[in-house]
Structure formats: C-alpha cells, structure tokens
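Peer 1: Sequence:
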Amino acid sequence: MHDNYANRTRSLPVRLVLALAVLVLGGGVLAACGSGSDPAAGGGAAGGAPVTVAHKYGQTQVPAAPQRVVSLGYTDQDALLALGVVPVAIREFTGEQPSATWPWAQNRLGGAQPQVLPVGEVSVEQLAALRPDLIVGISAGLTQAQYDTYSRIAPTVAAPNGFVDYGTPWQDATRLTGQAVGKAAEADTLVTDLETRIAATKAQFPQLNGKTVAGVLPSTASQAEFFVWGPQDLRARFFAGLGMRGVPAFDQNAGDKFYGTFSSEQLGRLDEADVVALITNTDEQRTTFQAQPGYAALQAVRENRVVTFDEKEAAALTFSSVLSLPSVLDTVPQKLATAVQ
1 MHDNYANRTR
11 SLPVRLVLAL
21 AVLVLGGGVL
31 AACGSGSDPA
41 AGGGAAGGAP
51 VTVAHKYGQT
61 QVPAAPQRVV
71 SLGYTDQDAL
81 LALGVVPVAI
91 REFTGEQPSA
101 TWPWAQNRLG
111 GAQPQVLPVG
121 EVSVEQLAAL
131 RPDLIVGISA
141 GLTQAQYDTY
151 SRIAPTVAAP
161 NGFVDYGTPW
171 QDATRLTGQA
181 VGKAAEADTL
191 VTDLETRIAA
201 TKAQFPQLNG
211 KTVAGVLPST
221 ASQAEFFVWG
231 PQDLRARFFA
241 GLGMRGVPAF
251 DQNAGDKFYG
261 TFSSEQLGRL
271 DEADVVALIT
281 NTDEQRTTFQ
291 AQPGYAALQA
301 VRENRVVTFD
311 EKEAAALTFS
321 SVLSLPSVLD
331 TVPQKLATAV
341 Q
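In the UniProt record's numbering, the protein residues as written are 1 to 341.
Possibly wrong hints are sitting among the right ones.
[What the hints assert, rightly or not] In silico lysine-lysine, DSSO-like type, Cα no more than 30 Å apart, as pairs:
no., residue 1, residue 2
1, K202, K257
2, K257, K312
3, K312, K211
4, K211, K335
5, K211, K56
6, K211, K257
In case anyone wonders, no lab produced these hints; they're calculated from the structure.
Build out the structure end to end from the sequences listed, making use of the hints.
Peer 2: As structure tokens, this is what we get:
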C-alpha cells in the first residue's frame, strides 16, 4: 500500500504524475496485461452504421459498431461502462482495484474481467494482441506519434481540441465516447441527468457560491514543493459546478497546465483561499504535509477551513467521470459547506 510512488513514475509525464499522486494506493504497477477473462463481443456498442468522430488529431471513422473496445485512457472505462460497453482491456490507474475499475463502476462489468493494461507504456504488441476494433484514448494524453501508431491497429479516438492533456471535462469525454460507440443519444442523456443533479446540489448549498478554493496536491518527490490545481483541472471544474472558484493568482500560476507549482516557503499563500481542499492518497502523506513548518499557523487550519477526503472520495474527484461524481455528491459538498460556515 505504501510503495515508493515517485520511483514508479519517473518516466511518466508530469501532468499524469500529478493526477496519479492522489490515487496510487499500493501494489506494484503491472508490467503487462493483467490476468482476467476476455469479455467477448456481448458487451459491445449498439447499431451498425459507420460514425466519424472529430478530435485533436483529426477525424476517426469507426466503420461498424465496435465489439472489442480497448479503454486506453486512464479514466475512459467509466464513460464506456456507463454506456453499457464493457471493454476487453482497461488501463491501470491505481494499482489495486479489480479490473482497474473502482467500486462506483464495478457492477457495470457484469461479471466480466477485462485485461489490465499497465499504467506506464503500453506496447504495440499488447494492443494488437487484444484484436481491438476501437481504441478509446481520450484521457491517455496521446501524442501525435502515439495516435498514428495506435491508429494502425484500430480506429483510435484521442482527446478533443481545447483542453490540456488529462483535462477533458466529463461532459465532453462522455459525449465523445458515446459518438464513437454509436450511443450519442444515450451519452447526452447521461450528461443531462448528471448536470441536473449537480445543479440541484449547488442549489442545496448556496453558501458555496463565489467562495474560493485552493486544491492542494502534495509533491510525492519533495517536501520542498506542492501543487495547486488550476481552472483546467477536472476537480476544479467540479467545484466550479458547485459555485466555487479558484484563487485568481493560483489560476494564473497554472498557466496552460492544470496545476501550478509552489515552494514550501509559499505555504502561507493558501490563506488567500476561503477553503483549502487537501488531496492526498494516504494518511501518511497527509500527516507529513500537515507537519511541515508553517502549516499549523495557517488561518485556514485554525478556522477549520481545510477539507480532506477519504481514499474513495479522492479517487472519485480525480476521475471526475460520469460515474464517479455521483458517488461524492452526498459527501463532498457537505464537507465544503461545513468549512465555509
């Protein structure tokens, strides 16, 4: 449960490392496809007409309803499962969830056990062996070269234009996935239903409206720095849906990334926010961050305006998917509201 995360992720893009930082809950990273039965064609998409899907690298034509879908993005399985499509393989993200699928989505597997792809590099041979007819890489952070390579194996869908890597909002990810598997109408319904629930939750907690929040991610590599999410972070988008907003200076610091970097000497700047949302993956990491010089002196700490999250809540916020967000609507907004009282 407490292996050295930093050593395991040296070769990964820093943006993914930050997203993973709140989710790595132990166990070794799988080095190849994990064990599990191969969900056969029964969990595929509906319909049979070809569809063309636009994304950041152009357009992808899916010639027929895909039956062997690979969920290559780190969180793409949730939208697929919400649409009734069981992937033949799912990309690892946390290291310990069965079939790389969190509890909020487990029942959608229908007993299937998709193969598990590694959190690190996925080889061409691994993908080809799965015989996919669609590769969904919306949250995979694909480069042009990777997209070109994977597209030679099967039609591949990358992230849409306009967002940072790993920063596609759940609405766009769900709709793009729905288009790719021939279930656009179902995807629209899923999005509308969840947006309605979030809006109702926002109305239930009017005290959150206009309050600023600093989402803090402790560095796994050095106690000398920490990260604060920017407006393109998926968690920040969810909090914005509840009426909250980021601290302007922190948002500016993030620039074209979904996070900004701060030195430990800048810890006092967290008092610029009405609420501090501290995202950690273990109690030990949280305790270490809270024990550093200057933390106890924060006004936010003295006034109980620091909100922490349990393992499942932190994971659900980091996924920020059409399936994960409903699992925190009954807990996270209440925690935030308590902090601003």
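Peer 1: Now tell me, hint by hint, if it's right for this structure.
Peer 2: Comparing the hints with the structure gives:
1. K202 to K257: Since the Cα atoms of K202 and K257 sit roughly 27 Å apart, the hinted pair holds (cutoff 30 Å).
2. K257 to K312: holds, 25 Å
3. K312 to K211: holds, 25 Å
4. K211 to K335: It holds: about 14 Å lies between the C-alpha atoms, which stays within 30 Å.
5. K211 to K56: violated, 34 Å
6. K211 to K257: Holds, because 22 Å separates the two Cα atoms, which is no more than 30 Å.
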